[in-house]
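Participant: Modelling step: build the complete structure from the supplied sequences, incorporating the hints.
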Amino acid sequence: MATMPASASDLLKSFKLKTKQQELLIRVSILCLVYILAFITRLFSVLRYESMIHEFDPYFNYRTTLYLTENGFYDFWNWFDYESWYPLGRIVGGTLYPGLMVTAVLIYRILRFLRFAVHIREVCVLTAPFFASNTTLVAYFFGKEIWDSGAGLVAAILIAICPGYISRSVAGSYDNEGVAIFALLFTFYVFVKAVNTGSLAWSLVSAFGYFYMVSAWGGYVFIINLIPLYVLVFYFLDWVKHMLSDTKLFQAFLRITVTCAVAVGGIALGLGMVSGYISPWTGRFYSLLDPTYAKDHIPIIASVSEHQPTAWSSFMFDFHILLFLFPAGLYFCFKRLSDATIFIVMYGLTSMYFAGVMVRLILVATPAVCLISAIAVSATVKNLTVLLRSKNKVVQTGSTKRSGGSQSSSKALLDQSQPFQKNGAIALLFGAFYLLSRYATHCTWVTSEAYSSPSIVLAARGAHGNRVIFDDYREAYFWLRQNTPQDAKVMSWWDYGYQITAMGNRTVIVDNNTWNNTHIATVGRAMSSYEDEAIEIIRSLDVDYVLVVFGGVTGYSSDDINKFLWMVRIGGGVFPVIKEPDYLVNGEYRVDKGAAPKMLNCLMYKLCYYRFGEMMTEYGKPPGYDRARGVEIGNKDVKLEHLEEAFTTSNWIVRIYRVKPPNNRCEI
Amino acid sequence: MGISRFVLLVFTISMLASPALSDLVLSKVDRRIYLTSHIVRISSTLEVENAGPETVSKVLLAFPDLQAQNLAYLMASPHEAKAKFKISVVSFPIDVVKPEDMPPGVTFYSVSLPQGLTMGASFTFDVLVVFTHALRPMPEQIGQADIQLVLYQDSAYYLSPYVVKVQSLSLKLPDSRIESYTTLESTKVQGSEIKYGPYENLPAFSSSPITVHFENNLPIAIAQELVREIEISHWGNVLVTEHYKLIHGGAQSKGEFSRLEPQARENVQGPSAVRYLVAHLPPRAHSVYYRDAIGNISTSHLRGDSKKTELLIEPRYPMFGGWRTAFTIGYGLPLQDCLYESEGRRFLNTTFSSPMIELVIDTLIVKVVLPEGSSDISVAAPFFMKQWQETKISHLDIVGRPVVVLEKTNLVPEHNQYFQVYYKFNRLSMLREPLMLISGIFFFFVACIVYMHADTSISKFSASYLAKQQWEEVRVAIQQVHNIICRCLATHDKLEASLRDLSRTGEVQACKAARKSTDGLLKELSKELKPLMTFLQSSPSAVQVEELVAKERELLEKFMAKHSTAVEAYEKKSGARDIENRIALHQQKITALRQEVDDLLEFIDEI
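Protein sequence lines correspond, in order, to chains A and B. The C-terminal position of the first sequence is numbered 668 in full-length UniProt numbering, with every residue numbered one higher than the one before it. The C-terminal position of the second sequence is numbered 607 in full-length UniProt numbering, with every residue numbered one higher than the one before it.
Read the hints as simulated data drawn from the structure, not as lab findings. Given the structure is predicted, the values throughout are model-derived calculations rather than measurements. Careful: at least some of the hints might be erroneous.
[Stated by the list, open to error] Capping the alpha-carbon separation at 27 Å, the derived lysine-lysine pairs in DSS-like fashion look like this:
#1 A:Lys144 with B:Lys468
#2 B:Lys468 with A:Lys639
#3 B:Lys468 with A:Lys20
#4 A:Lys660 with B:Lys254
[As the list claims (entries may be wrong)] Output of the computed footprint for chain B on chain A, the stretches with three or more beta carbons under 8 Å from beta carbons of chain B:
#5 478 to 491
#6 639 to 652
[Stated by the list, open to error] Non-contacting residues of chain A with respect to chain B, defined by C-beta distances greater than 10 Å in every case (computed):
#7 Asn71
#8 Val102
#9 Tyr434
#10 Glu580
Even glycine gets a Cβ: it sits at the ideal position worked out from N, Cα and C.
Facilitator: In structure tokens form, the structure reads like this:
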């Protein structure tokens, strides 16, 4: 390892390259490698599973992209979708961010023009990794702009594999965030560039970047709020600088203000905790800071897992060592305050705050965290290597040097004053590289284990260590697509709406767009009512099939029974007939014999556990043993009157019921 | 209703029966109807005798229209003792004919015999007829756990425009569970076989309807549409892609679905469901895949040996009566296994139909995609079908690849015969696509180079542009200075080397000569340096450059001094120790100066 750089530099020298060119060559090749790395590390999901679209929202994006490729932009713009939100429909063209779809179709058209006969699905699957690769380039230039090219390189490497970003940009997660983070960082970079150069051209590019961002993701509000805030802070600092008209005074001022602010904050926190006004690390403490607290009272937003406040563990999971490098980077930024570093500090601090409020906003903080951490890493490593190199020279040139020029003598004095400096520097360097290598291992592990599952296909380890695949979702959706009438209306909880329309090609009552709370509440009410009440709602919605997701056979925990309380809450929010305590026993949610009678007889319970009582799920357990909740179910004799089982997938994960025609009419 | 119509039809035929067409007589007819799968195969052995005076070379075969609609395959071949329904190598040509004075509702096929039959001569041949959709589920709707019963109708007598002297009929059923069957005189049931006959001396067009109602739990898989695409790449692969639209053609499923029963007692319940399909692929098939519109289907097994590759695929869900599914399978074949050359033309020789066993195909479209630049295309196929050409644009195509499209309806496994597509293709055309790629990348790099070297600024007189230009010139000048200094230092090293030689050999003259040559060189270099220095005077980094040059001068002086001292000392032949001491004085300063020069050089290099 140690001989490598030497031989490499010899090799470069043999090409008669100047130091400058050598550096450029190394820089460009590192960037190329990082570009490729950022792309291929996101392909775990394709290798583990297949080239497919993941999760929920990407299916809607894929469906609209397909529509755009088939019908062109104008039809796309005017598209009224009858297949979702039956009977309301959805004006798709007016209610989505078209940036992603237009980008994908543009890439698709270019590839087609170059005569690469690719399928639009492949383009959609690989859009996010491609943009992640581009983001690394932007991170490099951004880092170069705010610090130096070394920091830029480190930033590119850090962001290429940072789990916080990978979570939303693996191959197949065809979502707005995939391109939006690129647009966000690009806009910021060009903005800072414009600030630094004062060039009108860059500010124009920045405006276009912002335009693209607005067309791609709702997160553009972050930009439009951060930039005015930055300008405000910038003017304030400028004014202070002007007033004090001396850099030393200004630095003293800054130091005093920052120290005072931290001290006051700390004292206030301490006093609050002592006096009991602030109880540390509870939901209340969070909600005090939380501007989205009001949203907690709207269950439809609270029910989404990615809207939860972020836990420390997920910060650690997504940032790993960056969490420690971030403050260090902030220190370096404060040490060398410039227009650009002020910006990145503000970006970092605000986005970190929002990341704490909501899990999904970790994504926005990731580029800032990577950049600031890169500054810390680059500055530290650079300082250490400068120290090492200067000493090496002293050793080379021999003892005579000390009587030489004034420059080197000061260094020599330094050497004498700190005899262990060299060893210390080496140790620190090794430490830094150890930490960085740990980071790389962690990122790879997280990517392969946690973030590369499409969540449509579930995989588990079998009894013999073999890989078992549960492909029940697609089994059910394909069954719907092939064996139900073309105009059949399917009712399910809103989570599965996008997937049913995209893969099952059937009309749904509600979907993941969640724009109409009442409609969702109606479905929630139907699911939590008794069958004869529910059938009235079902008939009024003109439903032909009801689909539920059930994990009792496989032990799949994110099924409808576990989501059921949210249905009750959302339903109860609009229809006060539904009361949450009716489904609980002493505040406890249970499905076994001790469950609340309303729970045991509501539609959702019946649909999930229909004929489950006859099923042996686990050896040595009674029939009707629910493996997801680890209990024997309370109502084994489920009878359905108005619905009949139409299809159940091989592992019972998806169950579809047909709505029977009313009794007094004959079937035509 | 269907039954009565059939009976009525047969009845009318027998009513309208007119005298025999020619003097041919069927002296013996032996019919065997195989109902063991959902494809009905009738294998008959006919012994035909010419009772008239004229030589006859054509024999007519008659089928009621209702049956003829479902007729998928008809073949006549010389009689073989053991042939069941093997496709014989030799078969006689068959045409559809419409002879005059014949009863309506009957379709005729005429078989051309290899030789004309003279008076009194007889000839024996086999006829294989394959019908699809000939079994009707009865009842039409069954529950998931019920068994499937089907109905088959035919005539106990062989329908023929000729007099039949002796005939017999046997029906082979999948097993002995028979719901009901028509009993005529001399009807026998032996296990899973029903025998009618022998009947003797029946006039032309005699018929007697029979109906068999029996249990047939074999899955009835019908491909409503199959599109096969065979794409030839002369780089060594033939890619076959097959898009199936499948339906279970048996009794419609009704009532409630349940996972519980098939899981608990799989072999008893839901017996007629299509759970899997088996395809026999060619032996060296590779890269097999199985997917549908929404992704891969992970339930398939592939077994292979040297003779065949067996692919077992399961649909995403077990298919009950009336259920549909659609999927795509694809595989690659080595080019040499199916592409041959003859008389300057290449031809593809491959099977026509689906590799799935016991599959009925309602409409089959075969597309043979030939490489771009193929010409003179023709098709040789064992049976008639619709045929046209299109083009397909695939990877790196400019004009598109010619595609031969063949379409045929109502196919059975018997149709899976070899067919040939002949075409002309220039081997050089193969290189077109790689060359395109290479030139594309080449032009990309050329564009990059041009971009890096081109001056893209709009205004040539703006201040920033001029400043940039000037800076560029300064940089070049500094670079030159840097080079010159480096060369100076190199000459220093040369001198140093000559000094070392001196201390080793003691040859003063050689050392002096070296000194002289370097002196000349250094002078030249300093001359070169002068204009550059004047140019750089006004630039921002002039200070460093001047310092560098000054330091270098100083270094040079010291070096010269050292050199002179050393040479002098050697000339005087003073002691080694003395020389060392004298040189050491200079040496200290030289090392210090050299260090500074190096630092400055590095600094300037950074600019």
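Participant: Hint by hint, say whether it matches the structure.
Facilitator: Here's how the hints hold up against the structure:
no. : hint                   : in the structure
1   : A:Lys144 with B:Lys468 : holds (21 Å)
2   : B:Lys468 with A:Lys639 : violated (85 Å)
3   : B:Lys468 with A:Lys20  : holds (19 Å)
4   : A:Lys660 with B:Lys254 : holds (13 Å)
5   : 478 to 491             : holds (count 5)
6   : 639 to 652             : holds (count 8)
7   : Asn71                  : holds (18 Å)
8   : Val102                 : holds (23 Å)
9   : Tyr434                 : holds (31 Å)
10  : Glu580                 : holds (32 Å)
Hint 2 from the list above is the single one not met by this structure.
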